[in-house]
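With the hints in hand, could you dock these two chains into one complex?
Going line by line, the protein sequences match chains A and B. FYI, in full-length UniProt numbering the residues of the first sequence are 1 to 314. FYI, in full-length UniProt numbering the residues of the second sequence are 1 to 334.
Hints are all accurate, no fakes.
Computed list of chain A residues with no C-beta within reach of chain B, every gap over 10 Å: (1) 19; (2) 28; (3) 37; (4) 42; (5) 51; (6) 66; (7) 137; (8) 162; (9) 231; (10) 275; (11) 276; (12) 304.
Cβ-Cβ distance ranges computed for the label pairs, FRET-style: (13) A:164 - B:168: 30 to 36 Å; (14) A:92 - B:289: 45 to 51 Å; (15) B:187 - A:197: 32 to 38 Å; (16) A:307 - B:90: 55 to 61 Å; (17) A:197 - B:214: 37 to 43 Å; (18) A:259 - B:102: 47 to 53 Å; (19) B:90 - A:195: 40 to 46 Å.
Under the rule of at most 27 Å between Cα atoms (straight-line distance), these lysine-lysine pairs were calculated in the DSS-like manner: (20) B:214 - A:92; (21) A:120 - A:89; (22) A:252 - A:228; (23) A:173 - B:78; (24) B:86 - A:89; (25) B:329 - B:282; (26) A:92 - B:188.
Treat the hints as calculated values from the structure; they're not laboratory data. All residues carry an ideal CB built from backbone N, CA and C; glycine is no exception.
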Amino acid sequence: PARLPISVLAVIAPKYENEDFRKLAETEIASCEEEIAELKQQIVLLLIPSEETDESDLIMEVTAGVGGQEAMLFTSEIFDMYQRYAAYKKWKFEVLEYFPSEIGGLRHAVASIAGVEAYKYMKFEGGVHRVQRVPKTEKQGRIHTSTMTVAILPQPTEMRLQISPKDLRIETKRASGAGGQHVNTTDSAVRIVHIPTGIVSECQQERSQIRNKEKAMQMLCAKLYNAKLEEETKKRNNARKIQIGTKGRSEKIRTYNFPQDRITDHRISRSVHHVESFMLGEEMLDEMIQTLREYADYESLMEIISDNEKKNSS
Amino acid sequence: FCPAMGMDWPLTSGDGHPSKGAVLSSKHLSLRQNCCARPELVTATDMVNYWQKVFETNGIPEARESSQYIVSFVLGAKTFQSLDSKSLHTPLTAMQQEQIQQLSNKRLQRMPVQYVLGEWDFQDLTLRMRPPVFIPRPETEDLISLVVEEEFQKCENSALCFPVSVPHPVILEIGCGSGAIALSLLCKLPQSRVIAMDKEKAAVDLTRENLLGKMPWLRAGCASFSFLGSAKQLQLWGPIDVIVSNPPYVFHEDMASLDTEILCYEDLDALDGGDDGMRVIKSILALAPSLLKVSGSVFLEVDPRHPNMVERWLQAHPNLLLTLCAIHKDFCGK
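Isolated chain B (complex conformation) (with noise of 0.2 Å):
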């Protein structure tokens, strides 16, 4: 690229196989070819461009989409797309690139995307992103919109005339994480009470900091704890209308195919499922008796694979008193 701008990166060869936190190594790039005709003027669409060029070379998954998001958020936007015309020309500033530079260094080391920028969208909210708390998944917006509309739709059932009320569940999430579910569902039933729990004190934590950075009027008590021996402690909570989760479904024998930035980055433990990756999905099943109301849901995401072995096991399993409902499939079909 341009020599004034020092855009030389570390020569290192060979590839480092990717193992948990090791720094992984990089090919040396030259793209003095690229030279703009003026060196110093370089626009957004111009850093897009070399730092895809930069990823590619280097063997970055998703070279394109992960420059134009590590540019426009040092330019305050979202999207790249959504960049207006005058942003995208105007020259940016040494201090843009610097940033620019050290988020794509991140990048480089396959650190995904939303741990790079510290931030990612989940349905209307953006929420802190730390590993190795688990990223939220675009299939999961869906499972919210499940929980919202079911219960809206109790209400409307319920409602005999005037006043139609309000939904106002008591939720409790197993496996909160960043706090997607937890928070998205708050903003949705602002009425509700909801219970967030995770075994990990970081998830806890990052849960904590995301709530209270949307919501700071809200006082939140947390703690961490394994809900496995916690049935006592939940039930001081009054019994609850809706179990919700994103428990870990992957089967073991499939975890050594994820992605590197998976593996390397993200809480293992919050995809493995065990062998047959119904481990936690059972746990919670079989904890829900004690804890639902007796009209009470469990909303769960689930492998594609889960649907016809939860009704197995269910069936049973016929003291827990839990029936399958519905199986909802996500917008990709699965």
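With the rest of the complex left out, here is chain A (with noise of 0.2 Å):
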């Protein structure tokens, strides 16, 4: 049914004598209202640009930083967050690459997390977290800051990246002398490398030489897409506080803090508490993400608005 504008039913109402129809006449005011505030803030998000990888699944890529065995053991324990996370938001988890310490910990792993939304939740997650407190390895009761970085990949699909075959060279292990039935050799490691940027990927967590293949190619191709998209960005302004691929990697983004029982996003300057909790890879995390969503959102927005002043003043 058609609808009268608002300013005309606020003149209506409270000429009109009869009580109910008047009191019903008030009731659809405020339900309009309710709507325009709802369609103001659809607006306003659909203002905010999604970028092309936000529909991506994605590769994440943990590596040990400062501090030796704490930092290795530190990274695992960031991973095994992430692959929580992963099976708390029912997304698909799988370790492509795992280069595990001495004592427990990892020096260097890359999984490939793929779902619905994925990249849009883990794209905050990259850059360098950074643990506070008593290692097991420490004799003397001393507080130690170690770090280790998150380096968060879109994924394309194949179609999106243009590799040629020829641009590939594809290493194994029965690459040398006669092949076939003539050899039983099992390592089935496989190393990919692309010829024309020396980017190199690798693995060996399958028997199957042809999955192996399959997970190196994945590895290569968000290597290969990465690049791409940092040649592009790099132009894009930077003085946003949320800052997403590289230019994000290097910045100390979380500090968790075990003493203190406290975790501490430095980009919204935001503390929550209970570490543990929070390290379950659930609710707390998630929680965060979300508020770091908005922040970027409202960045993003600020920045169309300032863009757009600077049009209309020129």
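Written out as structure tokens, the structure is:
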């Protein structure tokens, strides 16, 4: 049914004598105002540009930073946290590379994460994560600060990235000498080199060679796509607090302080308590990421508004 | 190593000349100098390092890979690289160590790793392996991709509009071995009908076992018979879309230089292709016209020297009405 503009309704309501009819009109004003507020909100959200990468799956790389064995232990804990987070969000989590350390830590690992809005959430986790606590290896009870880095690379679909097979050199153990029926080697590791850029990826997670090749290709595509994106975003204005991509990679984004049982995200200066709970990779982490998302949307919007103002004033 | 674990090996010196079924002698290995600080706590990494040295000392090829696969298998993982950090540093139970020792003893006899573990992966499947049934090679994984690609291409080409049809070819595999090719195709082309045959009962049995292990809901009628005399029987299945095979294609003169692992444990009939390696290939090609549909295809894995030979042979036998369509190189360019 057609609706009268609110201003007209507002004029009619107070003058009309019939009590019931007036109440009805007032209720309708209230619901229209609600609807307007909602639509305004929606318009705002639509203004925020979605990135080409938002619908992608992603590759997550974790690397131990400063702090020796303690840094590697922390890296392992963070990797586990994201593995649990992926399960919590019902995403698929597949390990592509895994290089553990001598005492149960992790030097470097790569995982592919796929699912609804995976990249949209995980993109805020890229950067340097810092831990402050008394390490397991510490004999004198002193608090140490160690770091690890998370890199989030959007994973393109095959079509978006066109790689010519002749640009690839695929290295396997069976390459030398006769192959096929003549040999029975079990080393199925695969290494792929993208000749034009020199970017390399390898995988030996599987016993099947073709599966190692597929995983190595996945990683290579992500690396190539990421390199391409970096080129493009180099030019963008980078006054933002929340940086995505290589600019953000060396930023200290979060500190996990165990003695004070506090996690602080430095980009939005937000602190929450209960480190153990946070590192379960469930509601607390999800909530932190939601907050980051809202803040990033806000920054996007501010950028649009200020760009617009610049345009109008010139 | 650590005497507390009883890890000594029988001492017999001299190296035996490998012959089929013979027990190979191993050298005694004393690694007491490698005792770890706390002898009762042995981790997966320790085991891998230890057995790698044992294998190396005894001249076992792929010493590191062999020990990694064995230790991972006992821990329930496929590869050492897929073990998480905790598993790598948790001390192994006595039973696990015992299992590793038993499996490693088999490897010390030059038994291929796939037979030691009793299983191996091919494409997306984990299949049981048992001597002397031929162990699938990684190159053959590419053969599967080629067949699947062609079948999907055929569907695209023939589809006029809606509905897009799903490939449902009738496939005959000659020499199925463990069932690797047949089962992979069945998984990737679930609407297909696959006939897998092998002249060896052991192969047919293993294929049936693997089939029922993966797809127990399928009823499989299996019998072993040599295809050479069986054209009439095969024709009962109707015209066939695809004949696929990894036939024995090793040149007879090359057989003696194969590794001990192959010569002592695998069925040599699955490898030996006669003087020019073409004996079985020719038989398959000769039989194909009576079995194939007009637009049917034959997919063969062969020695790198064979494509030219096959082309010439087909030209010399025009009555077969077969033409060589494509030569695909494997991932090593062979």
